[in-house]
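Participant: Could you build all of it, start to finish, from the sequences and the hints given here?
Counting from 817, one number per residue, gives the positions in the sequence shown under my numbering.
Because the hints were derived from the structure by calculation, they are not lab data. Computed from a predicted model, the values in this text were never measured in an experiment. Mixed in with the good hints, there may be bad ones.
What the hints assert, rightly or not - Calculated pairs, BS3-like style, for lysine-lysine (alpha carbon to alpha carbon, straight line, at most 27 Å):
1. K911 / K924
2. K897 / K960
3. K924 / K1026
4. K980 / K970
5. K950 / K911
6. K1067 / K981
Said to hold, decoys possible - Label-pair distances were calculated between CB atoms; the ranges are:
7. T903 / E1047: 20 to 26 Å
8. K924 / G1086: 37 to 43 Å
9. R908 / L963: 22 to 28 Å
Even glycine gets a Cβ: it sits at the ideal position worked out from N, Cα and C.
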Amino acid sequence: MNKVGDESCDERGKPSAQRIRINHWILDPGTKSQSSHFRALEIFLSVAVACIAVFIYLDPPVYEMKCDFDLVEVFENGVEKLQLSFTNQTDRFWKILRTRGLAHLREKYPRRPLVFLLPAPPAAHEWLDCLAIKLTEKLDPRHKTTLAIIDSEKEKANPSETTKKKMDNFLKQKVVAGHRVILIRHLELLPPPSPILFHSYCDDQDAPHKHVAFIFTVHMPVEPSSSLSSEEAEKSVEDYLSGEVWVKVDKNAVASLLSRIADTVVLMNGESSGSVKALCS
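Facilitator: Right, dumping it as structure tokens:
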């Protein structure tokens, strides 16, 4: 019989079965507790990520555009220079462009997109796209050499759904790339009903990209009557689009679209000055 304190080599060198059971029992709770903590942390992080995702979806971030240019100054000075070249445009014409453009650029967080609808009668067709390009450059000087332009003449023979998807992808791509202006030339030539796409992009406070400006040009087939007031002449572009161009499109959809894109109509006059010819050559 072993005496107290006289343990065998096996007893000194190895833990007994009882000790193994005790030690295992001591370590096990800690291991389980640690695992539980990791599991709880994993659940917490998953819930947190899900909450953030839901918040972003329901309340998307507001754009604050930063630029190396003083956009307000560039646009204001640019419009003044354009006015010196396009001498046959009315004071009302320049006032609308200047007032709406500056109001949009001065907003740190724009509440809605800037939308210009620029129609032109036959006498002004050759100058319309030139002016639209110059306005686009003044509103987005950073992309002066890589303007975002949709040329409707190249789309008029394509299926409407194809054009709509193509334009949607183009718009998303350009917005992600930081473009501030999308120019849509010859709106009247887009295959109906593809222009309905612009309703959501120009949908006031619900528009996805409120910092962006959209400029639409329309080549009117005839001169507006000289008996019409400025407001009535500007309204004629809506009659042309809804009554002729989009006559086969759902009337409610057309009315809804026009309520978004025809809020600011700026009707252009013809030009004959040498300065404008030099500018647009």
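Participant: Now look at each hint and say whether the structure bears it out.
Facilitator: Hints, verified against the model:
1. In summary, the hint linking K911 to K924 is supported, as the alpha carbons are separated by about 22 Å, within the 27 Å threshold.
2. Straight-line distance between C-alpha atoms of K897 and K960 comes to about 16 Å, which keeps the hinted pair within the 27 Å bound.
3. Distance restraint check for K924 and K1026: the Cα-Cα separation of roughly 11 Å lies within the 27 Å cut-off, and the hinted pair is therefore satisfied.
4. Using a Cα cut-off of 27 Å, the hinted pair K980 and K970 holds, with the two alpha carbons roughly 13 Å apart.
5. Under the criterion of a C-alpha separation no larger than 27 Å, the hint pairing K950 with K911 is consistent with the structure, at around 16 Å.
6. Of the pairs offered as hints, the one joining K1067 and K981 holds, with about 22 Å between alpha carbons and a cut-off of 27 Å not exceeded.
7. At roughly 23 Å, the beta-carbon separation of T903 and E1047 lies within the given 20 to 26 Å, and the hint holds.
8. The hinted window of 37 to 43 Å between K924 and G1086 holds, with their beta carbons roughly 39 Å apart.
9. R908 and L963 have their C-beta atoms about 26 Å apart, which keeps the hinted 22 to 28 Å range intact.
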